[in-house]
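> From first to last, the protein sequence lines stand for chains A and B. All letters in the first sequence, in the order written, are residues 1 to 703 by this note's numbering. All letters in the second sequence, in the order written, are residues 704 to 778 by this note's numbering.
Check the hints yourself; a few may be wrong.
[Claimed, not checked] With a Cα cut of at most 25 Å, we get these calculated PhoX-like pairs of lysine-lysine:
no.	chain 1	residue 1	chain 2	residue 2
1	A	K282	B	K747
2	A	K131	A	K498
3	A	K131	A	K637
4	A	K270	A	K478
5	A	K226	A	K71
6	B	K747	A	K270
7	A	K46	A	K160
8	B	K705	A	K382
9	A	K672	A	K41
10	A	K5	A	K160
11	B	K747	B	K705
12	A	K580	A	K637
13	B	K705	A	K270
14	A	K637	A	K414
15	A	K131	A	K270
16	B	K705	A	K282
17	B	K747	A	K497
18	A	K71	A	K5
[Said to hold, decoys possible] Label-pair restraints from in silico Cβ distances:
no.	chain 1	residue 1	chain 2	residue 2	range
19	B	K747	A	F294	20 to 30 Å
20	B	K747	A	P588	47 to 57 Å
21	A	W310	B	F725	52 to 62 Å
22	A	D484	B	P738	25 to 35 Å
[Unchecked claim] Cβ-to-Cβ under 7 Å is the rule here; a few derived chain A residues that face chain B:
no.	residue
23	I239
24	F250
25	I252
26	S483
27	Y488
28	M490
Rather than coming from a laboratory, the hints here were simulated on the basis of the structure. For each residue, glycine too, the CB sits at the ideal point set by N, CA and C.
The chain contents come next:
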Amino acid sequence: MTSAKVALAGNPNAGKSSIFNLLTGLRQKTANFPGVTVEKKTGTFKLGTSQVQLVDLPGTYSLFPNSKDEKLVCQVLCNPQNESFPDLVIYVADINQLERHLLLASQIIDLNVPTIVVLNMIDVFIENGHKLEQKPLADFLGVPVIAMNARNGEGLELLKQQLQHFLDEGAAPFTRASKIYTFTETEEKAAALANQVFSTDQPYRAKLTAHHFQWFEFLPDDLKLKMAAMLPSTGFEDIRIQILETMRRFAIIQEVLPAVIETHTSREQKLSISLDNVLTHKIGGPVIFFGLMFIIFQSIFALAEYPMTWIEDGFSYLGAHTRNFLPASWFTDLLVDGLLAGLSGVLVFAPQIVILFFFLALLEESGYMSRVVYMFDHIMQKFGLNGRSMVSLISSGACAIPAIMSTRTIGSWKERIITIMVAPLIPCSARIPVYTVLIALMVPAGLHYGPFNAQGLVFMALYLLGIVASLAVAFVLKLILKSDERSYLMLELPAYKKPIWSNVGLEVWDKLLAFVTNAGKVIVIISLGLWFLASYGPGNAIEAAASKVNETSLQLTPEQHQAVLQSAQLEASYAGIIGKWIEPAIAPLGFDWKIGISLITSFAAREVFVGTMATIYSIGGDAEESSVRERMAAELKPGTSQPMYDTATSMSLLIFYAFALQCMSTLAVTKKETNSWKWPAIQFVLMTGMAYLGSWLTYHLLS
Amino acid sequence: MKKTILDLKVGQYALVRQFADFEATCKLLTMGLLPNARVELIRKAPFGGALYIRMQNHLIAMRENEAASVEIEIV
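Make a model of the complete structure from these sequences and hints.
Structure representation (structure tokens):
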């Protein structure tokens, strides 16, 4: 054989991803967080003169699936026509959980798919003083068995030798001669019927088809109807027989195991239980959790500050030099004001993302995240969420995009959708610059209530508002969304482990790349569009506005002149026209057309608000926040001597930014994760509605 | 009235006897909760609702309604 398709299969937490990384060197992640490998990942590697294509199948407990991922695995392995159907399965089992992990192995072997069984985490097993006899296990399974330690690559050579052996010799040494599990009479009848209807000649595949034909997508509907009509005559009851088979398989495995392993309660487990005495303690557990979160978010803002400044400075340096180097033309403007500015807006968040995901990967790798899920599951359920939603909502404090991506681990559709819908309401890092500018307009610096800084209090109140709003919306969605799918916690609490640093590194790199490419594409396109709208107007409107300024403002300094000129040009541009056009809609909120432009431009991303305000208030796009603030503070309501940004308007704007889904990338990610435009549309309408109503109420109560 | 995992007190051991809920059973079985398996209730979650359970050689968490579907014999 010169090429082969090989699939990695096994239970969650067996260490498949580590072995995938070892074999292919491609990016993948391993963590203690159950169900993390939900996507199909592929990679290739060379073995001698052959090319091996490796697929990492999602973690699966058995071929009686309970989740979407497990159904996928089942459909791949039960359909030889499936493009992912493997020539060989590398079955990865955690030797420390051998009994449980052999269930799926025995099912795959009974499908007559050539298999190599890898007993992973042999290091922990030996350290705990357990003993392994490989031969009785290999005899029982009828396929080669290899002990391995994916942490340091021990056993990798043996695995490669077996793969080479498979490529040279073919399937025979990797296939069991007879079935491990023998059918009862009813099962025989059902399998025979499945064979007759669907021509499924392999006996165990035929039996699984009898269980699952209703949802197997690859079977034709007319045959399904035929099968459904004939199956009852065999006395085959799906669930009852699933339970029976599972229990009988375990009975067979339990009979063999004493000859294979010798175990006693491990030190590792005792240690985990003692650690959990503290980490999941009734009071101590939540206190430690919130303490950890506090430290993580503090360090995100503290550590990211410098690299963020470097990135911004780097881009403005690059922009200035590009302008000097290239001739003044529309193309140079597009490159500098459109593309470079857009890229800078994306990349400036990279440091925060890297730091956040470094910490999250550490928490996952160590096994702590499963404890968080366990501790908060009950509270989350009251809001229609799952304990697993905690992880996503925490990530959302930095950015909703990776948070929404991390909901894949939530098994129940309803709980996953609700988590996706409310994640953007948790205040993300992009709201910080907007809040900073607006709070400063409303609350004088240095004002204190008792020992507390008044600006800080408003800031905190806005964060709380976001958290309360997300829980409230989740609660409402829980009442509205209908689903008869049952939700489970049923969570493995893996033993605490020292993180594998290369896995942490790969995970961070993977998330950074996903952010830069996915979010980056959208933001760059939007900023190019905005640049065009703000730079051009219908006919010669911009030139006309410019010459009007040139005629009327003779006694200004060159800087002032430039400022007034820019402002007049913006008003005449397409963006200005759009701002004027939506003014009637936002006037009830206390906003004018200039704020209108900012609302539109910051739809790309919230932080664009500050830059747009800077341009509109004619101080050039690179202004310091303080000078934006000064200009905004000096702005008067048209025809009055009242400040434009009084408490009512500022507060109304703050509320708007707290709720509104001013983030293209979030919508793009929601579309990708839910695979439909329906959910991003609902998300957008819902959050914009909340923002509008909230702002309207705020403005009318305060003015 | 048959006892279930939900009736366990912290620190008590029991042997799994029967499953009362078909749909949950598949999930429980694949987590290794088999008939005759020995389970110990280690603790309850800080805000209630979930149980922390030790089995022969691994730890699992389950909701109270999941625990209520597993009939046991306390030893």
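> Each hint: holds or not?
Status of the hints after comparison with the structure:
| no. | hint | result |
| --- | --- | --- |
| 1 | A/K282 to B/K747 | 8 Å, holds |
| 2 | A/K131 to A/K498 | 23 Å, holds |
| 3 | A/K131 to A/K637 | 82 Å, violated |
| 4 | A/K270 to A/K478 | 39 Å, violated |
| 5 | A/K226 to A/K71 | 22 Å, holds |
| 6 | B/K747 to A/K270 | 17 Å, holds |
| 7 | A/K46 to A/K160 | 10 Å, holds |
| 8 | B/K705 to A/K382 | 29 Å, violated |
| 9 | A/K672 to A/K41 | 17 Å, holds |
| 10 | A/K5 to A/K160 | 14 Å, holds |
| 11 | B/K747 to B/K705 | 21 Å, holds |
| 12 | A/K580 to A/K637 | 16 Å, holds |
| 13 | B/K705 to A/K270 | 31 Å, violated |
| 14 | A/K637 to A/K414 | 47 Å, violated |
| 15 | A/K131 to A/K270 | 19 Å, holds |
| 16 | B/K705 to A/K282 | 29 Å, violated |
| 17 | B/K747 to A/K497 | 23 Å, holds |
| 18 | A/K71 to A/K5 | 20 Å, holds |
| 19 | B/K747 to A/F294: 20 to 30 Å | 26 Å, holds |
| 20 | B/K747 to A/P588: 47 to 57 Å | 51 Å, holds |
| 21 | A/W310 to B/F725: 52 to 62 Å | 60 Å, holds |
| 22 | A/D484 to B/P738: 25 to 35 Å | 29 Å, holds |
| 23 | I239 | 5 Å, holds |
| 24 | F250 | 5 Å, holds |
| 25 | I252 | 12 Å, violated |
| 26 | S483 | 14 Å, violated |
| 27 | Y488 | 6 Å, holds |
| 28 | M490 | 5 Å, holds |
Checked against the numbered hints listed earlier, the structure breaks hints 3, 4, 8, 13, 14, 16, 25 and 26; every other hint is satisfied.
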